[in-house]
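Engineer: The residues making up each chain are set out below.
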Amino acid sequence: MNPSPVSPLLNIHDLRVVYLTTRGPVKAVDGVSFAIQPGEVVGLAGESGSGKSTIAHAILRILHPPALITGGQALFGNRDIMKMDDAELGQFRWSNISIVFQSAMNSLNPVMKIRDQLLDVMLQHGLSKADANKRALDLFKLVGIDPQRLNTYPHQLSGGMRQRAVIAIALALNPPLLIMDEPTTALDVVVQKDILQQIAVLREKMGFSILFITHDLSLLVEFSTHIAIMYAGEIVEQAPARELFSNPLHPYTLGLMNSFPSISGEKHKLTGIPGSPPDLVMPPSGCRFHPRCPKVMPICSETTPVTKSISPGHLVACHLY
Amino acid sequence: MNPNAKIPSCEPETGQPHLGSHGKPISTQLDFLLRMLTQPKAIIGLVILGIFILTALFAPLIAPNDPNKYVGLPHQPPSSTHWLGTTGQGQDVFTQLVWGSRISLLIGFSVGILSTILGLMIGMVAGYIPGVVDGVLNMFTNVFLLIPGLPLLITLASFLPQGMLTVMLVLTFTGWAWPARVFRSQVLCLREKDFVSASVVSGEGVPRIVFSEILPNMLSLVMSSLFGAVIYTIGADAGLAFLGFENVNIVSWGTMLYWASNSSALLQEAWWTFVPPGLCIALVSFATTMLIYSMDEVTNPRLRSEKEITRVLRKYHLGSKRSTPVVNEPLAR
Chain A
1 MNPSPVSPLL NIHDLRVVYL TTRGPVKAVD GVSFAIQPGE VVGLAGESGS GKSTIAHAIL
61 RILHPPALIT GGQALFGNRD IMKMDDAELG QFRWSNISIV FQSAMNSLNP VMKIRDQLLD
121 VMLQHGLSKA DANKRALDLF KLVGIDPQRL NTYPHQLSGG MRQRAVIAIA LALNPPLLIM
181 DEPTTALDVV VQKDILQQIA VLREKMGFSI LFITHDLSLL VEFSTHIAIM YAGEIVEQAP
241 ARELFSNPLH PYTLGLMNSF PSISGEKHKL TGIPGSPPDL VMPPSGCRFH PRCPKVMPIC
301 SETTPVTKSI SPGHLVACHL Y
Chain B
1 MNPNAKIPSC EPETGQPHLG SHGKPISTQL DFLLRMLTQP KAIIGLVILG IFILTALFAP
61 LIAPNDPNKY VGLPHQPPSS THWLGTTGQG QDVFTQLVWG SRISLLIGFS VGILSTILGL
121 MIGMVAGYIP GVVDGVLNMF TNVFLLIPGL PLLITLASFL PQGMLTVMLV LTFTGWAWPA
181 RVFRSQVLCL REKDFVSASV VSGEGVPRIV FSEILPNMLS LVMSSLFGAV IYTIGADAGL
241 AFLGFENVNI VSWGTMLYWA SNSSALLQEA WWTFVPPGLC IALVSFATTM LIYSMDEVTN
301 PRLRSEKEIT RVLRKYHLGS KRSTPVVNEP LAR
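Order-wise, the sequence lines are chains A and B. Residue numbers are given in the working numbering: position 133 of the first sequence equals residue 133, and the series is strictly consecutive. Residue numbers are given in the working numbering: position 114 of the second sequence equals residue 114, and the series is strictly consecutive.
Watch out, some of these pointers could steer you wrong.
[What the hints assert, rightly or not] With a straight-line Cα cutoff of 25 angstroms, these simulated SDA-like cross-link-like pairs (lysine to any residue) come out:
hint	chain 1	residue 1	chain 2	residue 2
1	B	K41	A	N109
2	A	K83	B	N328
3	A	K83	B	R322
4	B	K315	A	G31
5	B	K315	A	Q73
6	B	K69	B	E192
7	A	K205	A	R149
8	B	K315	A	D86
9	A	K129	A	N109
Rather than coming from a laboratory, the hints here were simulated on the basis of the structure.
One chain only, chain A, in its complex shape:
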């Protein structure tokens, strides 16, 4: 998607995911395309229920029933994740793409020591016990926890430390891509900042790419290189981070931007976006944002806008452009 000399690390093309319900299939992700270049931090932002986490889980094929992927490709190198079988996925996950889940408390087993949970993934992927132990120590130093803490249980760690431990587990196999599904949502702002800085440092050092999922656009300001904005299962706008912040085009992006205060710059009233996200069993006709859009035109409810390229790497799906 992004014109770039290097071939993308992960190329998502026309991904579709539905959740089967008795009311009919819910189109949680509907034709999403984006690419992650090596070394990039791609931010995926949108409100609750827009399908951000569904994308993250669909890339790794770890969505539970009643989820069903109904089309699309996820090319990692030249391998399509959507065509892999269980055994291939078992080896592929974590060594190529790992994930940090939203709640560290829920992704750590409360009755196992952190060390064993860290070793688990390495032993599964063929490291010797001695190597794995050594790596565990390194990883803990890397994420900034005292290695002695390896022998504790999850409940003996604070929220921030737990999230660091989870990040250490995600980095265990040195994957080229890390998916972070709202990794700091459950933490307070101070810890949040610490962790984000730690991730930035680690990325410099280890050179992995990140797909960073959040509902907090302000987090992405300093952190990401490329941002995609999701609404109701579709990407409405994507652009390099600077470009998006200096020149937001889609009315929804503008609405999100106006929903949080900027620290520098002049004061202005926060406006927010009126209304609530649509029902995805029967999404609105045409542009899905049109019932809430401040710049709605007659055409908006009739035809679905096509995604247009405004400038290199800046794509927007809106009838205004």
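Given the coordinates of chain A, work out where chain B should sit on it, guided by the hints.
Structural biologist: Quick look at chain B alone, frame taken from chain A:
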């Protein structure tokens, strides 16, 4: 007190809101009924059970004769005068079957309800009040769980004066422990929830917390436990009667089996004397089981969508896999 109390996670996710004294219990119960009626399993269960209940209610109209009356030669096969033949004593099997449904269903449902209520009382109190109360009640429950059920049933039934009331008491006495154990563990889990703490803080008394706050949250469990108890009771009642520990002059499906065995129906190849009552017991259990299943599916939406995905997977020949399945075509609504 806390109308927005979340449905606790230890509850097998009730798809419906809190059925308590708050909100609109009538409309949610109606909604529950309507959703039950869209389930094929529920319809099968309700229809079968309905037929039996109507038969029991209108027994005098359906089979006007006295079921104990000798109407013909013994062991006559089914004919136009005796639709299901005659017993070894020359009584009409059809008439006995119709009248027998009264006793069997009456005992089944009343004992099912009684033992569920008893189990509910003991289990919920034990679960909510830790310490001595829980210790003593739980010990009783464990003792009753450990005593082998059938010998205790037989012992009690043979010592107490014979009669329907005895049977009902004995079955209740031996049937409450299992539901009590289940309810206790559910309350142990629910009492840790924030909405219970909120009720405590707001000054509600123990009975109100237990029965108005906690109980509605485990209603689906209580219902399936109740139906389970009905099935158990009908079976146990038939067993007692078959072994002759009940008043064998009362006509029930169990005593019909007793008399069939007594007059060597198997040797005589008089299948019409023991197949109908056996089949009726099986059908009632089947219908009740169907109701339990469908209630599970209505109260636990996840079960329904799992069924849906199994259907789709079968359609695309995907089989069940651990990873999210991929179907490369849009699904029609």
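Engineer: Hint by hint, note whether the structure agrees.
Structural biologist: A quick look at each hint next to the structure:
1. K41/B <-> N109/A: Judged against 25 angstroms, a Cα distance of about 38 angstroms means the pair is violated.
2. K83/A <-> N328/B: holds, 10 angstroms
3. K83/A <-> R322/B: Status holds; Cα separation ~14 angstroms.
4. K315/B <-> G31/A: Satisfied, since the Cα-Cα distance of roughly 23 angstroms is no more than 25 angstroms.
5. K315/B <-> Q73/A: holds, 22 angstroms
6. K69/B <-> E192/B: Given that 25 angstroms is the threshold and the Cα spacing comes to 60 angstroms, the pair is violated.
7. K205/A <-> R149/A: holds, 23 angstroms
8. K315/B <-> D86/A: Measuring from Cα to Cα gives roughly 20 angstroms; hence the hint holds.
9. K129/A <-> N109/A: holds, 20 angstroms
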